[in-house]
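Visitor: If you want the building blocks of each chain, they are given just below.
Protein chains: 2
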Amino acid sequence: MCAQQYPERLTRCSQLMKEAGLNVLLLTKPSNMFYLTGDGRLCAYAMITQDGKVALGVPQTDVMDVKQLAHFDHIVGFDDEVGMIHSIAHNFEHFGVKEGSVGLEYTFLTQSMMGILTHPHAKPAAIIVKDCTHILSELRIVKDKEEIKRIKAAAKVAVKGMKAAVGALKPGMTESQVAAKAEFAMRRAGAEEFWRTYVSSGPRTNIAHGFPTLRKLQAGDLVMIDIHPIVNGYSADICRTVCVGQPTAEQQTAYDLYLKAQQNTIAKVKTGVGMVELEQTLRQVVKEGGHGGHIFGPPIHGVGIDFEESPLPPGHAFFHGEKEPLPLERNVVIAVGNCGLYTGPWGVRVEDTVVVSLKGPMVLTEYPRQLEK
Amino acid sequence: MCAQQYPERLTRCSQLMKEAGLNVLLLTKPSNMFYLTGDGRLCAYAMITQDGKVALGVPQTDVMDVKQLAHFDHIVGFDDEVGMIHSIAHNFEHFGVKEGSVGLEYTFLTQSMMGILTHPHAKPAAIIVKDCTHILSELRIVKDKEEIKRIKAAAKVAVKGMKAAVGALKPGMTESQVAAKAEFAMRRAGAEEFWRTYVSSGPRTNIAHGFPTLRKLQAGDLVMIDIHPIVNGYSADICRTVCVGQPTAEQQTAYDLYLKAQQNTIAKVKTGVGMVELEQTLRQVVKEGGHGGHIFGPPIHGVGIDFEESPLPPGHAFFHGEKEPLPLERNVVIAVGNCGLYTGPWGVRVEDTVVVSLKGPMVLTEYPRQLEK
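Chains S and X, in that order, are what the protein sequence lines are. Here the first sequence stands for residues 1 to 373, numbered as in the working numbering. Here the second sequence stands for residues 1 to 373, numbered as in the working numbering.
You may find that some hints are simply not true.
Put simply, identical chains are the same to the list, so a pair is met inside one copy or across any two.
[Said to hold, decoys possible] Here are the computed lysine-lysine pairs in the DSS-like style, where the Cα-Cα straight-line distance is at most 30 Å:
| no. | residue 1 | residue 2 |
| --- | --- | --- |
| 1 | LYS156 | LYS29 |
| 2 | LYS359 | LYS156 |
| 3 | LYS149 | LYS216 |
| 4 | LYS130 | LYS29 |
Think of the hints as simulated: they come from the structure by calculation, not from any bench. For clarity, every value in this text was computed on a predicted model and none was experimentally measured.
With the hints as constraints, model all of the structure from the sequences given.
Guide: Have a look at this one:
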């Protein structure tokens, strides 16, 4: 990432902090830290002041590594949780922040982590705590050129992973082994990491979060494969459903319906369209096909550093600490088709990563959409 | 798992709930739900009453699947977050619980999830909220025969994963590709899943959480590989550090010191010994070798459904909502060597999964411990 990105991002962050009345942000979510500083990792934090200064607290072991990767003004290493608490107090003091409010990530922090970050030995008592989830989402929602480039690279890797998994499908192999094929291919193609792979088969295609099990594929099974590689810190999201053998007429009809709903929705993606309109397009097609009660989960979500991020549809957004999404802007990236259609004995899902542009949708995950292998 | 396990576990749970003054538990952590009911998944919850009754709330799509896997008295499917909230209210009503206290998992729940579970439309206002982390940890800490069997199976898979990764090491391959080798081998050997793989190389071996990157291995690099497969719901934990080429004398000396510290600690593992005593053994050896300031992180942690669980050393435990661990009992399973020794330019770590028995340690992860490949 170009080094001047971070000052620019911090300037936009300052503006949003002022509007929200936040004096300081205290971030621990790796993706948020990565966006603002160039490095995000576990057991670390970034303190951001309203005038755009950055103090990092990281494990003592990681100081040298972070110095090479991150944009920051001040860095402290700590040995354990007590050290982390004291380093937070040190940074409040370093920046002369004694009152006002600090923004924490309510959608990421566990209760026990909240306890560490707001410990009386960490945070001055006069400073109140607020949720800052929506600020980071607003900052990250429109992608710059370099980000789009990285998401495109991740999409290419996702397609290679899907090809390897679908190509390997045969009766007798376990769901876990299907996942292995996709993951191996993604790492070989240049993914440094991936988010948890979903592979479900047969009756398990009807469940919402189908993580792979030791179930063996049987002839005639539907298999649902949902993968999300990470390439240079950015993700892509693709899902395909494929039949090991010959699908039934009922399965083919449901698949065709869902694909039509997904494709009609993608066709409407462009600058200025609303998330609600897109969601309704998908739901309407499925409803007209007689499967209105068979959708589960948000049909669309954003894609970026996280494979599921803002924008989220309004209902879902509310419970994830987000504001209602504004009409889509150019270079927002979304995954369309996330929900799936679940009939009871089996389900189908097709999902693609799409860039919002002035002219229309730019689909990044081009891989055949067909139920028969 | 034998079906009668769950009533027995629920009886023990009831006893601990009475001692803690908790009328109901409302669990969402998959591993905790899995332990008490036989099924644990995302976006679901288990409500447990003090007399051992279980109500499950799961996505509507998952009801049939959960019915086949779980032990429960009552199950409700929901369509979205609002449905989840209403189903919680329904279950409080179903069990006639109008006052008292509900236990929530403070070490797992984000602020926003806390908001859903304690929403005024979910939880009766008269019911107060307490942390129940330590209850589940106490329940799960001593493993039964079937659990030990599963952890042993996971350990065998871990060894196969390590063998594949170490066998493949050569200059030019990326850390991510090393991880791919381990993960592919683990899935092929029978893992349904794995926790995130750590692979770090060269200067990156000095960082605390070395997730794989696109860094290419160079001749002479140390490579640290830490893997944790899941087999039938249970995990194992193994870490090895290996040199791609000839280690320096300094590296060999540090490695030998850390291995000695780890092995001396393992030798002391038996019924009745304390976590602090074990931790001090490891620290003392490292200190005597002149690397006292180079340890980071808890040297020992429990292993079970989660690859990192109770028992944790006291300091670490406090910040994770746990009570101080009692002396080790028979059939507690721990990973010894989790901390690592970090010199600055590089680090070394050797970690093994060990069962506590009356006679001494039973090491499950037998794979060569040598720096030279």
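Visitor: Which earlier hints can't be squared with this structure?
Guide: Failing hints: none at all.
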